[in-house]
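J.: Below are the chains, spelled out letter by letter.
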Amino acid sequence: MNAPALNQEVSQEGAGAQPLVRAHDLARTFDVSPPWLNRMLEGKPRQLLHAVDGVSFEIEQGTTLALVGESGCGKSTVARLLVGLYQPTRGSFAFDGQDAHAAFQGPQARAMRRRIQMIFQDPYASLNPRWLVEDIIAEPLREHGILSDKAQTRERVGQLLESVGLAAADMAKYPHQFSGGQRQRISIARALASEPQFLVCDEPTSALDVSVQAQVLNIMKDLQRARGLTYLFISHNLAVVRHVSDQVGVMYLGRLVELADKRALFGSPRHPYTRMLLDAIPKMHDTGRARTPVQGEVPNPLNPPPGCAFNPRCPFANDRCRSERPQLLGTGGARVACHAVQEGRI
Amino acid sequence: MSLLEVENLVVEFPTRRGTLRALDDVSFAIAPGEILGVVGESGAGKSLTGASIIGLLEPPGRVASGQIRLEGQRIDNLPHEQLRHIRGRKIGAIFQDPLTSLNPLYTVGRQLVETIRTHLPVSAAEARARAIALLQDTGIPAPEQRIDHYPHQFSGGMRQRVVIALALAAEPQLIVADEPTTALDVSIQAQIIQLLKNICTSRGAAVMLITHDMGVIAETCDRVAVMYAGRVAEIGPVHEVINQPAHPYTAGLMACIPDMDAERERLAQIDGAMPRLNAIPQGCAFNPRCPQVFERCRVQRPGLLPAGATQAACWLHDAARQEAA
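Quick mapping for you: the protein sequence lines, in order, are chains A and B. When we follow my numbering, the leftmost residue of the first sequence carries the number 15, and every step to the right adds one. When we follow my numbering, the leftmost residue of the second sequence carries the number 41, and every step to the right adds one.
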């Protein structure tokens, strides 16, 4: 099969007509039941964890969707669903008009993986310490049958390293010879090796210091501009999200509570949880300002509250919020899942 | 008088390939009731400074020279036993990971009571009553029941509240808090910072808050010390350091942080990385990355010089140079 040719054809067609990435009602449930014997003897029921529970979004080619939320809200599970590391329990993910999860399981799997790559959080754990950087970056080139000639591969690896601000000569080193930020650049170079169109980045700068974070974020933006890359950017840091994204989705307990253009979300946040998150960020130039932090914590995802999952912490919750689950509604730039917003109470 | 004085502190790690200087001539003071922030990137020596003060330097690390004084009394050369009495009684500690700072095999009540009775002459019943009051003060709901629970029965934020209660148990005058909110989510982080600030203010305890998060510093501290490569680069009132940084490193660090208020197409970046301990450049440690470097920076190491409202270890603020200019 002539994969590269096919790639280009489809992507050109896809660019104008439809979003590159379209997730519809994606859900993933994990079975966290106690072992069979305990269930029998102690009468414990089966237990299901709804890590992601009906998430829908679209990403246009060349833009960035950021997902934010606190630990356990399901953002990393979404990332793993999109790269095919998990199969969804429900819902669909169309990539460039094609059912990606069907492709991941069929003979097209390799071609699909080539177009969707991932960057992981921990640059210390995601690079094989026993491999030379050259082998790490050349692996996707060989695996996808892009290059087999040794000299050509080496030249390509050098170009990739240079595109992320490292020297071509660095390919003869091992990962431990690099700092955290440099390692994360190696991860980016590896992800770029197969010339993907879509990069899923799961907290790519969370393990890095701020000065190094700035370097990595700048490189990611430059690459996006130069190659028209599409990103799904996962982070818990709203300031970083504001810097890199075009569209932002706020997740809470497995669901999207607000999905809006960056300007709308940061300019006029509507969901009470989004407002709380924005208010929770310490402001740099406002020294000594006292905040009134929202009380309470994220509920146990095994036993989420009925109705809107945020209702126990929400200052605007009423009886409807406690019984009926709000849908993500709204038009165009901003969609919100909140009864209070939809009823015009806030 | 200052509560804590750190003077010319040098911490070294002897290794097979020579001695590494992890802290080099660090000096600062904390007044009673003051909150001093210590900020810097990984490896700048923030946590080591905290560990030296509470006497928990991991061997082979050792205080090679300099002094640490608490209420005028030297504590860096005390024998182990005496230091134990100070640690807990006069200096409380809060660490990053609340799960590893609590013993998983004991109820939180037992750990609190043990700490209280080690340091204060009270009966078991009295200690328990104090423990319940502490849990109440740190915002744990239903403390009468929660006191008999084990650490794993608490969530991360609640555990950090227990750790704060534990640090305050013997009413210390100084709390060393090393990245107390780094392991927590933002909404919980806001709660814990607020709690730490309020509870220390109401008890008059001074705090040394070590963190890499400039936002937390801005919101909490009175003064801040910025560390780089084991040295203090700049120290001064928090508002001035953030808004008019005098050291080029502080200025670069501030510019790197994505801002919630302003939108920028590209972030400013400081090229390069912090030097390794075995390759600290001569002169100012920041000189290879500094945009305003000049000849003197490469040969002579600057001490802390007055720079407006703050003090910066930078030759740009040398009085003689400024006069010449």
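Be a bit skeptical, because a hint or two may be false.
Using C-beta positions, here's what the derived DEER-type ranges look like [unchecked claim]:
#, chain 1, residue 1, chain 2, residue 2, range
1, A, Y138, B, A308, 43 to 49 angstroms
2, A, A181, B, R243, 31 to 37 angstroms
3, B, A182, A, D275, 39 to 45 angstroms
4, A, Q166, B, T222, 42 to 48 angstroms
Calculated from the structure, these hints are not laboratory results. Don't be surprised by glycine CBs; every beta carbon is placed ideally from N, CA and C.
J.: Going back to the hint list, which numbers does this structure go against?
T.: 1, 2
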